[in-house]
Amino acid sequence: MSETDLTRGPIMAHIKRIAIPSSIGLLFNTLYNVVDTYYAGMLSTDALAGLTLSFPIFFIIIALSSGIGSGTTALSSIALGENSLGEFHKLAYNALLTGIFVSLALGLIGFMLTPYLFALTGASGPSMVLGISYTQTIFFGAGFFILSFILNGILNAQGDTKSYRNFLIFGFFMNLILDPLFIFGWFGIPKMGVVGIALATVVVQLMGTVYLTYRVLKSPLFNYKTFIAERLSASTIINLFKQGMPASLNMATIAIGVFVINYFILYYDNATTIAAFGAAVRVEQLALLPALGLNVATLTIAGQNYGAKKITRIYEVLSKSIWIGVAIMVIGALLVFIFAPYAIGVFNDDPLVISSGTTYLRIEALALPTYVILNAIISVLQGIKKPNFAVYIGLYRQILMPFFLFHLLGTYFGLGIYGVWWGIVIINWSAVAIAFFFFRRIANKAIPLA
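Following our numbering from start to finish, the sequence shown increments by one per residue and tops out at 445.
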């Protein structure tokens, strides 16, 4: 059985083969971010707060990149499930062309709007200045993020998550070298501080784009002559945006959600708690890593089997992904609860930062299983060409409910910052209940078992 054919063979074997390399890669990607956070904390608490404030703006790049990339994965997987290599190459050609145009527009617009976006958070002082410098540098390299995600989407559709894993591992070690080199100005290089952290990221993404291009050219189902013979197709680009933009908008709501959280943190507390939240999020990402590879596996397997009209296998991959993910997250939640203060202390030795970050993590541990459940449902829906639910649940989780519940708990019930932390947990579990309800309705129409 070909490793690119996910419509046959045991589902569990496919999940392991796709999810494990993806999770390992994401581990190193998170460690990459941990290194950035560590060096920012070394520079100052203001630098760490500046990076935290920049996260939702930086996430706009990730949201667009991930959306186009996951759209490429879904549609390419469906094309391969239908045994349509012509459609597969048409998607690849138009996705990469779209990525180039989006990159140019995003880089220019993002650079100009960054100061205004920071002002919206209510930030001020040194943390705001440092955050703007970091973010504007990142926008120069926006195109490399987008192209890397698209190239990875082409590989994911073929069941190849090892190539991206290799890039992320390589990127982590390169970042270990480039961060101090650019931050502290070693070997005659100018001392750049926070800007150096951003520049290191841009350089690593450039290297990744080159490597992933090579891997796509060498992939088993990709034919360069067929690829270059393709032409611009408005219908293909429209389909790509229909499939990918809901995922981008869902991730964009995460960025807006962090804006909202940062706003309420500053409303109820101060920049020290912002720094604590930034460090805690890195720890939370590490806890989620073992299960995140399941998203890629679920999307790819569901997409190919939807294309091949093998409906029972779609339900099977969803069920197994959820149970595996929840089991992993229960263990992760216990570890987070126990080791929270030590984990926060890695990033910053300020007792107030450690105390605040520990409190957040011990409450947030209760919400960890919700992320894998929601992601599994959203991945299957995207794999069956029903991606819009991701936007609706994103708006509910990140914008509508937080404004209402954070204020209700924090001000009306007098919980202050604790109202924000407990609000996140309540919102996530209610979102899981909504997701299950709507999935049953949508799936019964889109992928009926009988």
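Mixed in with the good hints there might be a few duds.
[What the hints assert, rightly or not] Straight line, CA to CA, 27 Å or less: simulated BS3-like cross-link-like pairs of lysine-lysine:
(1) Lys157 <-> Lys315
(2) Lys157 <-> Lys220
(3) Lys186 <-> Lys305
(4) Lys304 <-> Lys315
(5) Lys157 <-> Lys380
(6) Lys380 <-> Lys186
(7) Lys237 <-> Lys304
(8) Lys220 <-> Lys11
(9) Lys305 <-> Lys237
(10) Lys11 <-> Lys315
(11) Lys305 <-> Lys157
(12) Lys380 <-> Lys315
(13) Lys305 <-> Lys315
(14) Lys11 <-> Lys186
(15) Lys304 <-> Lys186
(16) Lys305 <-> Lys380
(17) Lys213 <-> Lys157
(18) Lys11 <-> Lys304
(19) Lys380 <-> Lys11
To be clear, the hints were calculated from the coordinates, so they are not data collected in a lab.
Just so you know, these numbers come straight off a predicted model, no measurement behind them.
With a cut-off of 27 Å on the C-alpha distance, tell me whether Lys220 and Lys11 pass. Not OK: Lys220 and Lys11 at ~33 Å, beyond 27 Å, violated.
Hinted pair, alpha-carbon criterion (27 Å max): Lys157, Lys380. Please report holds or violated. Holds. Lys157 to Lys380 sits at ~25 Å (cutoff 27 Å).
Lys157 and Lys315: Cα distance at most 27 Å? holds, 22 Å
Please verify whether Lys305 and Lys315 have alpha carbons no more than 27 Å apart. holds, 16 Å
Taking only the CA atoms, is the gap from Lys304 to Lys315 under or equal to 27 Å? holds, 19 Å
Within a Cα-Cα threshold of 27 Å, do Lys157 and Lys220 meet the stated pairing? Holds, at roughly 25 Å.
Holds or violated: Lys213 to Lys157, with C-alpha atoms at most 27 Å apart: holds, 13 Å
Please work out if Lys11 and Lys186 have their alpha carbons no farther apart than 27 Å. violated, 44 Å
Can the restraint linking Lys305 and Lys237 be considered satisfied, given a maximum Cα separation of 27 Å? Answer holds: Lys305 to Lys237 is near 23 Å, not above 27 Å.
Hinted pair, alpha-carbon criterion (27 Å max): Lys304, Lys186. Please report holds or violated. Violated. Lys304 to Lys186 sits at ~57 Å, over the 27 Å cutoff.
Does Lys304 sit within 27 Å of Lys237, going by the straight-line distance between their CA atoms? This hinted pair holds, its Cα atoms lying about 21 Å apart.
Need the status of pair Lys186, Lys305: alpha-carbon distance at most 27 Å? Violated, at roughly 57 Å.
The structure fails hints 3, 6, 8, 14 and 15 (numbered hints given earlier, in ascending order).
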